[in-house]
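Fit chains P and W to the given chain E structure using the hints.
First to last, the protein sequences are chains E, P and W. The opening position of the first sequence corresponds to residue -15 in the numbering used here, with each subsequent residue numbered one higher. The opening position of the second sequence corresponds to residue 3 in the numbering used here, with each subsequent residue numbered one higher. The opening position of the third sequence corresponds to residue 43 in the numbering used here, with each subsequent residue numbered one higher.
Everything labelled a hint here was simulated from the structure, so no lab data went into it. Honestly, I wouldn't trust all of these hints.
Only pairs whose alpha carbons sit at most 30 Å apart, straight line, appear in this in silico DSS-like list of lysine-lysine [claimed, not checked]: (1) E:K69 <-> E:K46; (2) P:K188 <-> W:K238; (3) W:K327 <-> P:K163; (4) W:K224 <-> W:K137; (5) P:K350 <-> W:K110; (6) P:K188 <-> W:K224; (7) P:K256 <-> W:K224; (8) E:K48 <-> W:K159; (9) W:K224 <-> P:K358; (10) P:K110 <-> E:K69; (11) E:K46 <-> P:K191; (12) P:K191 <-> W:K327.
Keep in mind that this is a model prediction, so the values were computed, not measured.
Listed below are the residues making up each chain.
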Amino acid sequence: MQQTIEELTQELRNELIKQLNLEDMLPPNFDENTPLFGEGLGLDSIDSLELVVLMDRNYGLKLKDPKEGRHVFYSIRTMAEYIHKNRQPV
Amino acid sequence: MVGQQKYYINGIGIISPQRTFGHAEFLTHINVYDKNVLNAVTPDFKAFINPVQLRRLSRMLRIGMTASIMCLRDARIQAPDGIITATGYGFLEETEKFLREMLDRGEKQLTPTFFMQGTYNALAGLIALSTKCTGYNNTYVSKGFAFENALDDALMQLEEKPDQNILVGSYDEAAAVQHVSGLREKHYKSEHINSLDLFKTQTRGSLQGEGSAFFDISGSETTSTWCRIQDLEIVYAPTHDIKLASLLSAFLEKNNITPRDVDVWVNGVSGDVLNDSLLSSLKNSLLQQVPEVRFKHLSGEYCTASSFALWLGASILKKQMVPEAVAFGSPFPEHLNTVLIVNQYMNKNYSFILLKK
Amino acid sequence: MSQRVFITGYGIITSIGTNRTENLKSLIDGTSGFGELEVLDTVHRKSLPSCEIKHDDRQLRDLAGLKKNETGFTRTSLLGLIALQEAIRSAGLSKEEVNTSGLLSATTTGGIREFEKYFYDLLDLQQQGSFIQFSDTANPGEHGERIADHAGIGNYIGTISTACSSSANAIMQGARLIRHRKLDRVICGGAEALSKFTINGFNSLMIVDPGHCRPFDVSRAGLNLGEGAAYLVLESEEVVARDGKTALGELKGYGNANDAFHQTASSPEGTGAIRAMQLALESGKITPDAVDYINAHGTATENNDLSEGMGIQTLFHERVPLFSSTKPFTGHTLAAAGSIEAVFSLLAMENQMVWPNLNFNNRMPELSISPVRKLLVNTPLKNVLSNSFGFGGNTSSLLLASA
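Here chain E stands alone, though its shape is the one from the complex (with noise of 0.2 Å):
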């Protein structure tokens, strides 16, 4: 059965934290609807990068444009309602 976009909320937070090595840098308020990149926790373009690979990893979604990472990428929760929607077998 297909996880609920809750239950990819919950799997992507932890993922990024790995990935990326947030653990020391997490905000008070971090949830899913964070900005990720600029104001609210602050990742740079090589994180942008790294969420690509997760992408195609983790749910089989190969993300060739930039400008379309930057829509997908705004918080946690666009990327679980994008990969709900768009998900392939990996």
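Below, chains P and W alone, put in the same frame as chain E:
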């Protein structure tokens, strides 16, 4: 270079297999190793690097960054005017990680972080970024000459423009991958020994060490000056001991001194019976009367180990004492003014560094 | 203290020629080395075409005149040796002169290609085989010592690795050693072989164009990788005069700066680029309007070309010189780019030609300048700037002058 210009070491930051940072006393407590690998003793990195930066840094990058920050703090400057780093094998652990992933995943779905962290100039770039130093930036990777090349470069920069601070730093890690190739090449001993027994062995190979040492070098003296660098020379693959001795003799003469004027000789013997032969020959000839210290039983052997020797020599001059842990020669003079470092790496890369109080 | 530094010889090998003559012909004919990979064994051989030298290692060994028992030469070392030999020949150096020279080389990969090929065997001490010759060749400094040993250079050896600006920095450092009278002669440059490591590394950064690169074009989509080597023989003014040598050009100035903007990206305003070029001009004591041509770094990544383009525009104001990137010819040869492009700059001055920026069609909206699109002939060039900018913010610029 026996020009008019003087060169001062105004700050040092060093992380090594010994306690060489913080308020540690000068080599009173010695770390002993028995598996032929001397890993660095590290501080709490959080005291030096903020978490946002820290998360992206590999172990060796943390060590290198921290050593550079320690150096800047010691020199009491915010940012240098130039940055020159040196390494023999670079960030091998990260390179290995990237290669493993690449091979295991059939060159698909690879992340860039290990690749980026594996570039030789990553540390110099990071220091420039965090200190906003837009000045001269270079990285030498010439095996056993890397640190000497970097130092030489810095001294030339200062000769051109003395009123600046050049940050010169080394880094090399005791990567497992390199230990394997090192065993094949007889760089490291095949039998495990106690590190303090290094110079008692009569076998091939040394111990694998690691560390990062940064020096702030300037054309002006300050209240945090450790000592002066008088001169430096590299010698590539000298074919016999007479040649090395005559080159060293000429080096000393160029600087208006004889062996008798040298208070301490920092001897870069590595415990390898073959590679040490030319330096041992010096001990029985030109430098016979010069009191000797050794260091590779404390630092291990690596391409940029002469940076550990530079810290040792500078410390001896600054603190006016020779720790028992390094003393291998006759009694040392009361006043220590001149230190000569003669180092070798794999019997190919020889260097002379002359330090003055 | 300061004396002039002349170039008395050079050697080069790239995907567009195994020596100076072949490279020159390709530049004139507009022939690039871009295509599918045939020598390197990688899954990307068709999907990420590059500028590969179509000689396998055995053929390179023959070109370098190596004997069968001379083993342990990585592809990077082979390319380096071939270019080094041509440089020594072209400068007409005697054995004694070679022996008293210094060597400053540069690479980003060293023997990584062999390390990745024999990775599992190398890491297993139980394994034996001919791969053992590559047991300790991954480190970058190894190639410098190896080619120096083979050529007979024994006086001073240094190897530099600052990503894409490496060999430019090697050339700079050689000049510095001469100006400080530490050496009369230094042979400087760099060597780089293609490897899966670099192809996959750059691909993971998503800056590789699967098609032929288009520097400074609005539709540019990234770089192509390449391989090659080039070395310049630098000699002091004193030696050139004393021995009646022929100078092929002069290394008039140089600049090294750091962008300090991001680990793998350049600042959009081109701060580092401007600084490096400015320092080169200042050290060469010429004003911007005296520059006739810029051989740009021009990798065709979105970031570099914007940064460099803005930098050139800002520094030169209304009087922007002719400029072009030769990377569509050779690909981005990483550490060797600086020295390869220095040779191309010398060839340009010698032949009074300006090399075209292939594949350029439409200007970037952020810039008001465009590169040279077609080969220019009968164009006397007195001062040429050659730019090399790399990861870690390393920006370097060489100012070369005609002989």
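Right, here's what the structure says about each hint:
| no. | hint | verdict |
| --- | --- | --- |
| 1 | E:K69 <-> E:K46 | holds, 14 Å |
| 2 | P:K188 <-> W:K238 | holds, 29 Å |
| 3 | W:K327 <-> P:K163 | holds, 17 Å |
| 4 | W:K224 <-> W:K137 | holds, 20 Å |
| 5 | P:K350 <-> W:K110 | holds, 24 Å |
| 6 | P:K188 <-> W:K224 | violated, 34 Å |
| 7 | P:K256 <-> W:K224 | holds, 14 Å |
| 8 | E:K48 <-> W:K159 | holds, 29 Å |
| 9 | W:K224 <-> P:K358 | holds, 22 Å |
| 10 | P:K110 <-> E:K69 | holds, 24 Å |
| 11 | E:K46 <-> P:K191 | violated, 49 Å |
| 12 | P:K191 <-> W:K327 | violated, 55 Å |
Checked against the numbered hints given earlier, the structure breaks hints 6, 11, 12 and satisfies all the rest.
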